[in-house]
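2 protein chains.
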Amino acid sequence: MIRFVTGNEGKVHEAREYLDESVEQVDYDYTEIQGELKDIALYGSRETFAETPGDGPVLVDDTGLFVEALSGFPGPYSAFVEDTLGIERVWEIAQREENRRATFRTVLAYYDGETAETFEGSVRGRIVAPRGDDGFGYDPIFAHDGRTFAEMSTAEKNAISHRGRALAKFADWLAERNE
Amino acid sequence: MIRFVTGNEGKVHEAREYLDESVEQVDYDYTEIQGELKDIALYGSRETFAETPGDGPVLVDDTGLFVEALSGFPGPYSAFVEDTLGIERVWEIAQREENRRATFRTVLAYYDGETAETFEGSVRGRIVAPRGDDGFGYDPIFAHDGRTFAEMSTAEKNAISHRGRALAKFADWLAERNE
Numbered sequence: 001m002i003r004f005v006t007g008n009e010g011k012v013h014e015a016r017e018y019l020d021e022s023v024e025q026v027d028y029d030y031t032e033i034q035g036e037l038k039d040i041a042l043y044g045s046r047e048t049f050a051e052t053p054g055d056g057p058v059l060v061d062d063t064g065l066f067v068e069a070l071s072g073f074p075g076p077y078s079a080f081v082e083d084t085l086g087i088e089r090v091w092e093i094a095q096r097e098e099n100r101r102a103t104f105r106t107v108l109a110y111y112d113g114e115t116a117e118t119f120e121g122s123v124r125g126r127i128v129a130p131r132g133d134d135g136f137g138y139d140p141i142f143a144h145d146g147r148t149f150a151e152m153s154t155a156e157k158n159a160i161s162h163r164g165r166a167l168a169k170f171a172d173w174l175a176e177r178n179e
Numbered sequence: 001m002i003r004f005v006t007g008n009e010g011k012v013h014e015a016r017e018y019l020d021e022s023v024e025q026v027d028y029d030y031t032e033i034q035g036e037l038k039d040i041a042l043y044g045s046r047e048t049f050a051e052t053p054g055d056g057p058v059l060v061d062d063t064g065l066f067v068e069a070l071s072g073f074p075g076p077y078s079a080f081v082e083d084t085l086g087i088e089r090v091w092e093i094a095q096r097e098e099n100r101r102a103t104f105r106t107v108l109a110y111y112d113g114e115t116a117e118t119f120e121g122s123v124r125g126r127i128v129a130p131r132g133d134d135g136f137g138y139d140p141i142f143a144h145d146g147r148t149f150a151e152m153s154t155a156e157k158n159a160i161s162h163r164g165r166a167l168a169k170f171a172d173w174l175a176e177r178n179e
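These protein sequences, in sequence, are chains A and B. Just so you know, my numbering puts 10 at position 10 of the first sequence, and the rest follows in order with no gaps. Just so you know, my numbering puts 40 at position 40 of the second sequence, and the rest follows in order with no gaps.
Treat the hints as calculated values from the structure; they're not laboratory data. One thing to keep in mind: the hints can contain errors.
Which copy? The list can't say, so a pair holds if one copy fits it or any two copies do.
25 angstroms max Cα-Cα, derived SDA-like pairs, lysine to any residue [to be verified]:
hint: 1; residue 1: Lys38; residue 2: Asp133
hint: 2; residue 1: Lys38; residue 2: Glu151
hint: 3; residue 1: Lys169; residue 2: Gly86
hint: 4; residue 1: Lys11; residue 2: Ile93
hint: 5; residue 1: Lys11; residue 2: Arg96
hint: 6; residue 1: Lys38; residue 2: Arg147
hint: 7; residue 1: Lys38; residue 2: Pro130
hint: 8; residue 1: Lys38; residue 2: Ala79
hint: 9; residue 1: Lys11; residue 2: Thr154
So that you can see chain A by itself, here it is in the shape it has in the complex (with noise of 0.2 angstroms):
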């Protein structure tokens, strides 16, 4: 059993689709640090782990949205920034750079009191006008062949999405491990 620390009943939903083993939701307040998305998601693992009864593997997750042409900004401040600035502004100052180039990445981390482990999962595309009534955050903005985050379905941005690649990658760890 794994328990994933998440206030987004979504994600939970997700991760079964990929995890043989049973998925149970936690929804615990950890400490968020600053750093790269990976520091961030092993430390609110470790935290959690060491804070909330029972004494199942945590999973955490972290995500964020790196422009290439602003070095990576927003990065793991992308919530932060999505609230002050916004993605229209985000855009803006995107729009003046030759090079729209973006990634969407989620890093998942495992702690299990003795192992910790993270899994990375990444989507490129491009930052464009925003389009599309869909979808959540920054998906306005990021276009991946063609289309929005915006205008595409959960479904169909599952099938693609940063965070369904982590999930696979930790599934297969996984899987080996328990062999």
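Given chain A, put chain B in place with the hints provided.
Relative to the frame of chain A, chain B by itself:
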């Protein structure tokens, strides 16, 4: 004796000008969490107190530039934004706003194992096109009374600075407490 947790010797000198007690520099790389300046500094002061030898009270500072029209961006992540977007782009974004007011804030957190207190100092100004060769960080785009911080000497800047104002509050509190 106060242990000021910073890699910057200049800050220690500045603190000595305000405090009657002796100030010792502690170079400890505490965990910076995501959150408000106050939370970041408090967390750092508690961690440093717990993790470093010695039992004197510790002082941790955190500083950010808050642009009013951008909901407080870049705020606690000013260093990250400087390293990725750069201050030229912050000016370009602010330039499109009618309201160019901004505030430099410093929060000092004091922790002695029992008492935790924070002290905030701030300076109001405006975001302007980069000017001046002195200072560092956002100094060239932050103007106070017509001049940017990068057009002032360190002494002039310290005389009106956010950190100085926070240090003055802290000094008052400490003096009353020691009476």
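Violated hints, by number in ascending order, as checked against the structure: Hints 1, 2, 3, 4, 5, 6 and 7 not satisfied by this model.
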